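As you go down the protein sequences, you meet chains A and B in turn.
No gaps in the numbering here: position 38 of the first sequence is 38 in my numbering, and each next residue is one more.
Whatever position you read off the second sequence (first residue = 1), add 1000 for my numbering.
Source of the hints: derived by calculation from the structure; they are not laboratory data.
Given the structure is predicted, the values throughout are model-derived calculations rather than measurements.
Keep in mind that a hint or two might mislead.
[Said to hold, decoys possible] From the structure, some residues in chain A lie toward chain B, with a derived Cβ separation under 10 Å:
1) Leu121
2) Glu173
3) Met188
4) Val191
5) Lys194
6) Glu233
A virtual CB, placed ideally from N, CA and C, is assigned to each residue, including glycine.
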Amino acid sequence: METSPVPGRRLRAWRQYGFLFAFLVLAAAIGVLLSVQYREISRLLAMTEQKRSFFEKNIFEQSTALNRVVFAACAFRVAEAEGTSGYRERLDLGQSLVNHARIPELIEPDALEPFLGEDPLFLHERLRTSNERYREAIELMGRQIEAADAAGDGPEGRKRLGEFSRVVREFDESLAARSALFSQIEGMFYVGAKKLHSDMHGVLHETTNAFLLLTGLLAATAILYLRSRLRIEVELERHRRGLEDLVAARTDELARANERLTGALAEREMLVREVHHRVKNNLAMIGGLISLQRREATDPGDVGAAFDRLAQRVQAVAMIHEQLYRSENLTGVSTRSYIGRLCRGLVASLANPPGSVTLELDVRDVQFQASVLLNLGLVINELVVNALKHAFPGGRPGILRVRLAEEGEGYRLSVEDDGTPSEEASSILQSGSMGSIIVRGIVEQLGGTLDVDTSSGTRLSIYLPSNRGSRE
Amino acid sequence: MAACIAVLSLSLSAQEPGSGGIWSPPRGLTAETADLTVRGLVGPGSSVYLDIASIRALPSRTFTCVDPWDNREHAFTGVLISDLLARLGIAPSAVRITVSARNKYSIPIRRRDFEQYEFLLAWAVDGRPLPENPSMKNRSPFCVAIDFGRFPELDPSIYKHQLVWQVNDIRVE
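So that you can see chain A by itself, here it is in the shape it has in the complex (with noise of 0.2 Å):
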C-alpha cells in the first residue's frame, strides 16, 4: 500500500495556506478600495452640495438683483430720454434705481475662490474692481440724488440731476460688463458641476473596474482553492479506501488468527482437562493398587517386597505420563518407545544374574489412546516380571520375547519367554494373585481376550480389538 510521500503533503499544505492568504488579500483589498472611493465620492458629493448652495445664494441672487438694476437704470435713461416726465418722476426713478441698486449684498471674491480652479478668465481680479467701481457708483449717484432732491425743481435740482443722469450712463455701461461677468461667473460654476459629474463618473467606472478585477480574482483564488481542495479530497478519499483495504486484510488476519488460538486455547483446556482427568484417574488406580497390595499383604515380613512391587507398578504409570510430557502434542505417545523402555527398565532391574535375559522387543508403533496405553503398560508390566521372576530360575539365560502387532481388525500383544513354565503363568487366568487380577481386569475393561499357551515356554498374549484400543 503505497503512502504519499512527506514533502508532497507539506506542499499542499502550503499551497492551501497561499490560497487562503491570497483571498484575505483580495478581499481586504476590495474592502479597501471600496472605503476609499466611498470616501471619495463622498467628498464629490459634498463638494457639489456646497457648490450648489453657494450658487443658489449667492451668485444667482446677485445676477437676479442685477438685472433688476438694469431694469431700473433703463427705466430712467428711457424717462430721460423720452422728456415726457417731470422733474419729480425723473427723480422718483432716479431714487429707485439707487435703492435698486443698493440691495444685494456683494459676493466677494475670496468666497469664490474655492470654486475658480485655475481661472483663465480671472473672475477673481474682475470682480473686486466691478465690486469696488460698483460701490462707487451707487454712493456717488445716492449722494447725487439726494443733492438733487434737496435742490428741489428748480436750475440746480436740474443740474444735479443732470450729472446724475451722466454717471447713471456710466454706471450703464458697468453694468453691462458686471453682468457679463456673472454670467462668466455663472458658466464656471455649471463647467464645475459638469466636471464634477464626469469626476464622478470616472471614479465610479474606476472603482467599478477595479472590483471586478479584484472580484474577478477573488473568484479565481477560490476557484483554484477549491480545485486544489478537491483534488486533495479525491486523494484523501484514495487513501482512506487504500486504508479500509489494509485494516479490512488485517483484521481477516487478526480474526483468523483469533480463531485459531481459541481454538488452540480450547483444546488446550480439554488437554488440561483430560490431563486431570486422567491424573485422576491414574491416582484413583494407585489408590486401587494400594488397597489391593494392602489385601496381599497377609504376611508382615514381605512388606518390604510388597512396597518393591507396588512401586513397580506406580513407576509403569509414571512412565506414561513421562513419555506425554516429552511427545510433542502432549498426545501421542510412542507405544514402541513406551513399551520398550519399560520392558528394558524390567529387564535391567530383575533380571539376575544381570544380562542372562535377552530382551527381543517386536513392537509396531501403534496409536494408542494414552489410557489404553497405560492400561497396556500396566499388563505388561504384570506379564514381563511374572516372567522374570519365575521363568529363569536359578540364573538360567533366556529369551523374553514381547510383540505387539495388528491382527485381523485388532492388535495381538504377546509376552512370551522359553524359559520354565510357572504356575503364575499358566493359572493366569484363574488365580487370585493381584497380578493375574489386574491383568485380567484391564483386558476386561479393554474388551479384549486373554490366551495362555503353555507348549513351548510360556507365552501369554491379548487381543484387543481395534475400535477400543485405538486412536480414531
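Given chain A's structure and the hints, the job is docking chain B onto it.
Chain B alone, transformed into the frame defined by chain A:
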C-alpha cells in the same frame, strides 16, 4: 561696430512682412482710422495702429472647429496672436492681454493660454473675409478664434468668453 548695428537695424526695418523678426506696422494710421490698436507693447503709453490689410498680409493659418456660440463648424483664417505680438515686439515680462471690442466688451487672456493654445486673430470665416460675410457681420473686422478640436483640454463653455467679436483693441499688460 556702430556701422554694423546701423546696417543691421536698417535691414531689419526694411524687411518684408512675413519673413520673421520685428515687423513695422503701416504708417499714417491714427486711433480713429486704425482697425486695430495694440497698446502697451513696450511701455504703458505706447500704441501701435494697424489696419485690416496689414494684418491680412501676415502669414495666416486656418483651422476648422465647432464654434460654441452657434454650435456649427466653421473654418477660421487669421494670424496667430502670439505671432502678431511677437512681430510687434512684445515685452518678455508681459503676462496677459486684454482684448476689447467695439461694443465695449472686454476680457483678459493669459499669455500662456494664447501662446500655448495658438489663439487666432481671425479675419476670415469659411474662406470669406469678415466684412464681406453677411452672416458674420457681428464679428467683423476681427474675432478671436480657438481651435477646440485640437485642444480638448480647453472647456469651450469657459473659453468661449474669450472669443471676442469686433476686436478693435488689444492692451498688453
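Using Cβ atoms only, decide whether Glu173(A) comes closer than 10 Å to chain B, and label the hint accordingly. holds (6 Å)
Evaluation of the interface hint that places Leu121(A) against chain B, nearest CB under 10 Å:
holds (6 Å)
(request) With chain B as the partner, please determine if Met188(A) meets the hint condition of a C-beta pair closer than 10 Å. (result) holds (7 Å)
Q. Close enough to count: is the Cβ of Lys194(A) nearer than 10 Å to one in chain B?
A. holds (8 Å)
**Message:** Tell me if the interface restraint on Val191(A) is satisfied: Cβ within less than 10 Å of some Cβ in chain B.
**Reply:** holds (5 Å)
Glu233(A) as an interface hint toward chain B, with CB separation required under 10 Å:
Hint on Glu233(A): violated, closest Cβ of chain B at ~57 Å, above 10 Å.
Consistency note: the structure conflicts with earlier hint 6 alone.
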